[in-house]
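K.L.:
Can you make the complete structure from the sequences, with help from the hints?
Those protein sequence lines, which keep their order, are chains A and B.
So the mapping is simple: my numbering equals the position in the first sequence, first residue as 1, plus 597.
So the mapping is simple: my numbering equals the position in the second sequence, first residue as 1, plus 4.
Keep in mind that the hints are not guaranteed to be accurate.
[Said to hold, decoys possible] DSS-like cross-link-like pairs, simulated, lysine-lysine; straight-line CA separation at most 25 Å:
hint: 1; chain 1: A; residue 1: 684; chain 2: B; residue 2: 362
hint: 2; chain 1: B; residue 1: 202; chain 2: B; residue 2: 145
hint: 3; chain 1: B; residue 1: 338; chain 2: B; residue 2: 436
hint: 4; chain 1: B; residue 1: 362; chain 2: B; residue 2: 415
hint: 5; chain 1: B; residue 1: 338; chain 2: A; residue 2: 898
hint: 6; chain 1: A; residue 1: 684; chain 2: B; residue 2: 415
hint: 7; chain 1: A; residue 1: 814; chain 2: A; residue 2: 714
hint: 8; chain 1: A; residue 1: 898; chain 2: B; residue 2: 362
[To be verified] Here's a subset of chain A near chain B, in silico, CB distances under 8 Å, partners left out:
hint: 9; residue: 700
hint: 10; residue: 764
hint: 11; residue: 770
hint: 12; residue: 771
hint: 13; residue: 779
hint: 14; residue: 780
Don't read these hints as lab results, they were simulated from the structure.
Where a beta carbon is used, it is the ideal one built from N, C-alpha and C, also for glycine.
Listed here are the chains, written in short residue letters.
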Amino acid sequence: MNEIFTASVFASAIRLATPYIFAGLGETFSQRSGVLNLGVDGIMLMGAFTGFYAVYITENLLIGVLVAMLTGLVMGLAVAFISVTLKAEQGISGIGVYLFGLGLSELLFQKLIGTPKSIVGFTAISIPGLSDIQFLGIGEIFFRHNLLVYVAFALVPISAYVLNRTPLGLMIRAVGQNPQAADAMGINVARVRYFTVTLGGVMSGLAGASLSIALLKVFQQNLTSGMGFIAVALVYFGGWRPFGILAGAMLFSFVNALQLQISGIGVDIPAEFAVMAPYVITIITLIFASKRTEKPTALTKPFERGE
Amino acid sequence: MNATQFAAPPRIQHLHMQGIVKRFPGVLAVDNVDFEVKAGEIHALLGENGAGKSTLMKILYGLYQQDEGQVLINGQPTEIRSPSDSIRQGIGMIHQHFMLVPSLTVAANVALGVKSSRGWRLDLDVVSRRLEELSLQYNLKVNPNTPVWQLAVGEQQRVEILRALYKNAALLILDEPTAVLTPQEVDDLFRVLNKMTKDGHALIFISHKLHEVLAISDRVTVLRDGRRVDTIPTEGATKLSLAEMMVGRPVVLEYKKLPLQAASDRLVLQDVSALSDRGDAGLNGVSLSVRGGEIVGLAGVSGNGQRELAEVIAGLRPATSGGILIGGIETRGKSPSVINQLGLGYIPEERMIDGAVKEFTVSENFILQDHGRQPYVRGGIFMKFRTIENACREAIKQYEIKTPGTDTPLKSLSGGNIQKLILARELSRNPKVLVAAQPTRGVDIGATEYIHQRLLAERDQGMAILLISEDLDEIMALSDRVAVMYEGRIVGVVDRDAVTVRQIGAMMAGSSLEMVE
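P.N.:
This is how it looks when you write it as structure tokens:
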């Protein structure tokens with residue numbers, strides 16, 4: 598067993614959780630205001646590609662991150678326009694956004710780069726003092742990660758604070774629970790939803806970049822392989838709360854890291870089962886975690902005044 | 005706008021809506037209406053459903069834009085494009101369906117849309133303290149830290165009023181504020197309203213209940229079909245004169261009732277319990293019986309188990325224990341269709357959800373339950389359209405249903421005509437027992453009068469009728485006995501003639517019969 602539960606497994610679980618945390622937090626804001634964005638994976642792919650391409654051209658990581666976030670912003674605005682202004686059916690239009698991101702990122706990759714190229718991405722930053730703690734491997738598990746990992750984890754309490762302790766968060770929650778009431782209190786429902794959905798897009802773009810220029814440092818077709826959908830599921834799993842999303846992301850990426858480790862040391866389990874395991878576990882936990890009071894009652898419902 | 009600025013004095017001395025016109029596709033909802041209100045007065049806006057009261061007030065609150073006309077505040081033309089504009093002008097509105105977020109606390113609901121005194125951080129403790137001051141000042145008891153979903157309807161209304169006061173609304177629009185209250189709560193509300201006018205607030209009181217308008221208002225404006233009939237001082241007006249202005253013809257306000265000829269029990273509930281939608285005890289050991297030839301009125305504040313009771317009788321909600329007998333036959337556990345066949349007619353509370361299919365035509369709705377039964381089907385497969393058509397035409401004639409034809413989609417009929425169609429359908433099977441839940445809610449006076457007369461006629465013919473209503477006037481006008489529900493129990497059953505409205509009101513608030521007497 599000691600071969601399986603090593604410090605490096607825990608450390609890689611934390612690293613793997615990063616894109617889920619970024620995308621999941623962004624989607625939380627969106628859903629808390631009542632908009633389901635199913636296109637997260639497509640935005641992640643576009644963010645992953647544009648961030649990677651920017652770093653490939655400029656060799657500047659900051660530009661890469663900013664370009665990925667800008668891509669997410671544009672796509673988030675598009676999603677907001679479709680779901681808030683045009684009031685389109687959110688599940689279906691989200692699948693459209695996903696397919697759009699999947700196709701366009703692939704096309705741009707073929708035209709602009711062609712073959713898989715490597716870049717110098719984010720490298721691990723050891724926190725002085727803390728990274729050397731040997732006890733239970735704490736130093737290795739928590740304090741030797743790239744910058745985006747630290748940012749992702751820092752965003753969890755910040756998001757929780759914004760949602761629960763600020764007038765902005767109160768507005769977002771009210772708009773997701775009872776848009777008619779928010780409207781009657783003089784809140785611009787459409788503006789709040791534009792803000793949250795666009796923020797979700799930015800975070801999804803960042804999630805993609807964390808994958809392509811920090812975690813894997815490559816880009817290829819369908820790099821995310823459905824991570825964006827898992828992020829949406831994690832929002833439900835986490836009960837629309839940032840710390841719940843953190844817990845879900847950790848559980849999921851831990852099982853993932855474990856699966857990598859088990860197949861790495863040659864335990865005889867069919868690889869397909871190991872790959873399926875995180876998804877199956879997620880679905881099972883979702884079944885038991887679906888009924889929550891925090892669920893926005895206006896989720897997926899476009900707002901129409903005067904009904 | 006921070007909390008201290010709310011202490012500014014009321015800013016609306018006089019508000020004038022001038023020549024307001026509002027068109028919806030195919031309807032002229034408000035037709036050149038003038039309306040004015042002054043600080044310190046209660047101006048009642050009276051009219052039937054669809055007369056344009058709510059539309060006019062939604063224009064004032066910025067939820068709709070008028071097509072023509074203007075609003076003058078203290079003589080100044082003022083544009084109101086959204087609720088945030090009207091709130092800034094000092095206008096507040098208590099909506100018929102409360103505009104509260106159930107999952108949030110009282111204080112959070114009040115803080116919503118108000119700038120925090122701490123900038124980007126919430127100041128719920130500051131809001132709570134100010135709320136406590138206001139609740140003392142106006143005697144509106146409410147705990148700022150309770151989530152709204154835990155509050156009773158009357159308490160939720162207090163939150164709405166406190167919120168308007170918190171925002172220092174100078175003019176308050178109250179849209180049918182008494183619809184969900186017990187008579188005692190109505191008295192409390194009226195005391196608050198009177199205090200507000202003394203403090204210089206201007207109040208607009210929307211209602212269709214004549215005695216309340218007479219009791220509380222200084223002036224009355226009556227609307228009919230989108231037009232203003234007249235504005236008169238309340239002093240000197242009577243129920244009858246107001247009703248005639250509302251309807252445009254003489255009306256009957258009291259019914260002649262034949263003496264009770266009650267026969268044996270037709271509907272019997274024995275110790276029935278059932279769960280509510282939330283999964284807690286919705287009905288808690290309810291026993292009740294209705295005899296042939298009598299109307300039993302079931303009174304209670306909304307949400308005390310009346311809906312669950314009706315659904316349990318109709319077979320739409322499973323009873324967890326107890327027995328239900330219709331005409332002596334146990335129906336518990338049987339399907340709604342079988343229960344219909346055993347002699348139950350059911351007019352559900354939500355007629356557009358549980359009672360009819362709004363996209364279907366009038367005739368399709370008329371045979372909604374009987375489409376597979378004689379005489380509407382041949383060989384168990386083929387619909388007999390001519391027979392259906394004729395039966396439906398007959399019902400339209402007999403029940404005075406106003407519709408262009410039998411193939412008109414139901415949704416284009418008025419609420420009153422839809423209700424008459426449902427009544428016609430349910431009575432067409434000649435049931436032994438009729439459960440009528442809120443049969444005249446949202447129905448115009450003409451149709452209400454018809455439905456009431458019809459229910460009384462069926463009673464005289466020997467039908468057992470359970471009338472579930474939140475309208476105490478309706479209960480008192482029709483019932484032979486009155487049962488009162490509170491928190492899923494029957495608090496008491498009394499003879500109509502041996503009880504006053506106030507006693508029933510006390511029972512609706514949970515007092516037992518002995519305590520009332």
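K.L.:
Evaluate each hint against the coordinates.
P.N.:
Hints and how they fare:
About 23 Å separates the Cα atoms of residue 684 of chain A and residue 362 of chain B, which keeps this hinted pair within 25 Å; it holds. Between the alpha carbons of residue 202 of chain B and residue 145 of chain B the distance comes to roughly 20 Å, so the proposed pair stays at or under 25 Å and holds. Simply put, residue 338 of chain B and residue 436 of chain B have alpha-carbon atoms about 17 Å apart, close enough for the 25 Å limit, and the pair holds. Note on residue 362 of chain B and residue 415 of chain B: the hinted pairing holds, with a Cα-Cα distance of about 5 Å set against a maximum of 25 Å.
Of the supplied pair hints, the one linking residue 338 of chain B and residue 898 of chain A is violated, its CA atoms being roughly 36 Å apart against a limit of 25 Å. For the given pair, residue 684 of chain A sits about 23 Å from residue 415 of chain B by alpha-carbon distance, which is consistent with the 25 Å threshold. For a cut-off of 25 Å, the pair hint linking residue 814 of chain A to residue 714 of chain A stands: about 9 Å separates their Cα positions. Distance hint between residue 898 of chain A and residue 362 of chain B is fulfilled; the C-alpha atoms sit about 21 Å from each other, no more than 25 Å.
Checking residue 700 of chain A against chain B by beta carbon gives a least distance of about 38 Å; that is not within 8 Å, so the hint is violated. For residue 764 of chain A, the shortest C-beta to C-beta distance to chain B is roughly 5 Å, which falls under 8 Å, so the interface hint holds. The criterion of a C-beta within 8 Å of any C-beta in chain B is met by residue 770 of chain A, whose closest approach is roughly 7 Å, and the hint holds. The interface hint given for residue 771 of chain A is met, as the beta carbon of that residue sits about 5 Å from the closest beta carbon of chain B, less than 8 Å.
Annotation: interface hint on residue 779 of chain A holds; nearest CB of chain B at approximately 7 Å, less than 8 Å. About 6 Å separates the beta-carbon of residue 780 of chain A from the nearest beta-carbon of chain B, less than 8 Å, and the hint is met.
Hint violations for this structure: numbers 5, 9, all remaining hints satisfied.
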